[in-house]
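J.: Below are the chains, spelled out letter by letter.
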Amino acid sequence: MDLNLTQEYVDFRAEVAQFLQAHKDAAPNRNDRSVSSEKRLAWQQILLAQGYAARTHPKEYGGYGAEPDALKARIIAEEFSRAKMPGGISGQGINMLVPTLLELGTQEQKDAYIKPTLEGKMVWCQGYSEPGAGSDLAAVKTSAVVDGDDFIINGQKIWTSTAQFADMMFCLVRTEPDAKKHQGISYILLDMKTPGIEVRPLMTMTGHAEFNEVFFTDVRVPTHSIVGNRGEGWMVANATLTHERGMLGDPDAALSRLHSIADIMKQEQLNGASLMDNDIYRDRLVQLQGEAYAMKMNGMRLTTLSSEKKSSGMAGLLVKLQGCELNHQMAELAIDVMGEYGMLYEDSPFVRDRGMWQTHYMFDLGLIIGGGSAQIQKNIISERGLGMPREPKPAKPAAQSTN
Amino acid sequence: MHFGLNEDQTMLQDSVGRYLEGASELALVRGFVDGDPALAAELQSGLMDLGVPFVLMPTEQGGLGMGVLEAALIQEALGRNVSPSPFTAAYGMVVIALRTCGDSDWLGRIASGEVVMGVGATEAIGAREGAGLALSGDKVSGRASFVMGAEAATHFLLTTGEQLLIVERGGAGIEEVALTTIDKTRHVVNLDLKAASAHLVSGNNHGEAQSKMIDTGRVLLAADSLGAASMMLEKAVAYSKDREQFNRPIGSFQAVKHMCAEMAAKLEPCRSLVWYAAYSQDHVPEEAALTSRLAKAHVSEIAKFVARTSTEVHGGMGFTDLLGLHYWFKRIGANRQLLGGPQAVREEAAQLQGWVA
Chain A
-16 MDLNLTQEYV DFRAEVAQFL QAHKDAAPNR NDRSVSSEKR LAWQQILLAQ
34 GYAARTHPKE YGGYGAEPDA LKARIIAEEF SRAKMPGGIS GQGINMLVPT
84 LLELGTQEQK DAYIKPTLEG KMVWCQGYSE PGAGSDLAAV KTSAVVDGDD
134 FIINGQKIWT STAQFADMMF CLVRTEPDAK KHQGISYILL DMKTPGIEVR
184 PLMTMTGHAE FNEVFFTDVR VPTHSIVGNR GEGWMVANAT LTHERGMLGD
234 PDAALSRLHS IADIMKQEQL NGASLMDNDI YRDRLVQLQG EAYAMKMNGM
284 RLTTLSSEKK SSGMAGLLVK LQGCELNHQM AELAIDVMGE YGMLYEDSPF
334 VRDRGMWQTH YMFDLGLIIG GGSAQIQKNI ISERGLGMPR EPKPAKPAAQ
384 STN
Chain B
945 MHFGLNEDQT MLQDSVGRYL EGASELALVR GFVDGDPALA AELQSGLMDL
995 GVPFVLMPTE QGGLGMGVLE AALIQEALGR NVSPSPFTAA YGMVVIALRT
1045 CGDSDWLGRI ASGEVVMGVG ATEAIGAREG AGLALSGDKV SGRASFVMGA
1095 EAATHFLLTT GEQLLIVERG GAGIEEVALT TIDKTRHVVN LDLKAASAHL
1145 VSGNNHGEAQ SKMIDTGRVL LAADSLGAAS MMLEKAVAYS KDREQFNRPI
1195 GSFQAVKHMC AEMAAKLEPC RSLVWYAAYS QDHVPEEAAL TSRLAKAHVS
1245 EIAKFVARTS TEVHGGMGFT DLLGLHYWFK RIGANRQLLG GPQAVREEAA
1295 QLQGWVA
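Chains as they are written, first to last, in my numbering: chain A, -16 to 386; chain B, 945 to 1301.
One or more hints might be untrue.
Once the Cα atoms are required to be at most 25 Å apart in a straight line, the calculated DMTMM-like pairs of lysine to aspartate or glutamate come out as [claimed, not checked]:
{"hint": "1", "chain 1": "A", "residue 1": "Lys279", "chain 2": "B", "residue 2": "Glu1245"}
{"hint": "2", "chain 1": "A", "residue 1": "Lys293", "chain 2": "B", "residue 2": "Glu1245"}
{"hint": "3", "chain 1": "A", "residue 1": "Lys98", "chain 2": "A", "residue 2": "Asp52"}
{"hint": "4", "chain 1": "A", "residue 1": "Lys249", "chain 2": "B", "residue 2": "Glu1206"}
Footprint (simulated), chain B over chain A, 3 or more residues, beta carbon under 8 Å [stated by the list, open to error]:
{"hint": "5", "region": "256 to 264"}
{"hint": "6", "region": "273 to 282"}
{"hint": "7", "region": "294 to 306"}
Covered stretches of chain A, as calculated for chain B (at least 3 residues, CB under 8 Å) [said to hold, decoys possible]:
{"hint": "8", "region": "-15 to -3"}
{"hint": "9", "region": "365 to 378"}
In case anyone wonders, no lab produced these hints; they're calculated from the structure. Only a predicted model underlies this, so the values are computations on that prediction, with no experimental measurement involved. Just so it is clear, CB atoms sit at the ideal spot from N, CA and C, and this is done for glycine as well.
Just chain A, same shape as in the assembly (with noise of 0.2 Å):
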């Protein structure tokens, strides 16, 4: 255990943080949304150039080709956070598909998409979630069938966020239909202006369409858009699960949320007294505080183990459970220091913030329901983590009426 910095790493955070006193007019808006506007792609050459985006992704397909550095990597993240300016592009396309091709893509395939990719100028969704394919995502349906040179696809995806402004798609569909499960799928990469692709925005209970549906009707995609072998999209979809993704983000970012409640505390008032002065809201605050704590310090324990390349064992199964459940209550308990100024939204008159809370509150459980719900967690959390059996399948109905 030493939590001091060695020189280099001294030296690196200093260099970071005069970049960015450098550029600050170079700097899009943080909170600007449209990931394609001519500012954001300026950005992202020079930090590509800087080697602040796409670090360690080879140089021969537009990376800066670094050795892999977690720290490093947390230096530029917490800077830019301190900052307040926004990092390089990220997205699926760059934290999925890009480390998808470059360990299974083909040539072709490389030089095609990584460099537009990483450079923003080639936006990615990802067409994996079906109705009937959530929490279980190898009962993908949609079908893609083979007619000469082409893949013909019909069906419909659901929860693709981005699909609205994506130029490409990268997607699971079943291709053997009598194969098992999960070895009749394979994963295609596909234009999203192919004539027959519709994409309807999916209003969530924010009020906003954070995600879309997408329907495919006769889609045409040539037969060489497929990552690896036909029956073998799960496994490709797989394989980049395994690398260390989005987890090692800014290990500060829910105590400074915590630290904006403190603030709100402050100064909302009840009866002519903070919200601060009273004990209960006060004791929720600190007890947030410790897990808050806690979970920076379980950050900090990934990053070095990141660095020294072991696995992140139950410290990081435990991420996406524990940091959606924090932050949703973080906005619940900032909601109830507001009472019922909390419960203002949208351009109301008197709003606080916009309604920011009420969004991250909801957002938030959205988060915990996305990405392996909750409860998938606990599976994985209790079957990887700790070794426990797996629930038994349910006996098929012939064999039951033996019994």
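Once you have looked at the hints, place chain B on chain A.
T.: Chain B in isolation, oriented as in the chain A frame:
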């Protein structure tokens, strides 16, 4: 930067863990609880052989001169094995207090094995029933309640709130009342003092020493609960794989798996929190007071959750004396109250941050 245990720390953890696993097995703990003091003495001498009691003792006194993190690793192992040991008070809190005051005389007497001290710090945190001490000349009067580490104490380190003082056990004017708590693996007493002779600890920074002593004590209690809760989780998982109902191990039911997953997911970050809280006592002074309180409060809450959930996973057997699971349950229950319950400690944390008007 390296967040984790280094090789020496891992070795220390392993060797203490291995020793206690054999020497402090449940049958022996039961013997201690039933009134046989042999085990505690044997454990103490075994730990002495490993050098464990002198982990925080400065090297000038022949100690190991290590930090609170190393002490926390030892304490975690003691908690895992519900070992009867006065370590928290006698070799954690006392040594930190005397070290801070620079009292090499008393440190030397502890290092030689001549003196073992219990600690009464309850009233420095919160007094009930009018307890508390007052010093007049070199005589001390009043009550020190819930004095820790009474197992083998020859002396007690007490506080008036401002001053740290030492009294000899069984001295004139000292009436000792043994308390029966839920946790029979450790001994706690009340001391009623009437003009008892007191030795003032040397140095003039008693306030600082008292704060550091309590901060360290809280980190160690958190570590003890972390160890005890980790063991309870492991026992629950093992039992659930073994125990069958409806022709299958109960551990294959999601209801049971999810209970275990929740315990693990809440408990594992506590390990990092305890490591950091312990490390900061020696290396991040500006965070030491806050992290000690957050660790004590947060680990107390999570350990309580693990204690009840693990007991539930064990079903009726968890409720019996046969498995002895209740020794861990009760150890966690006592740690929660000692040196301040979670609400009181969180209020102190709020005060530290200027959140209390």
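J.: Could you work out which earlier hints the structure fails to respect and list their numbers in ascending sequence?
T.: Of the numbered hints, 2 and 4 do not hold.
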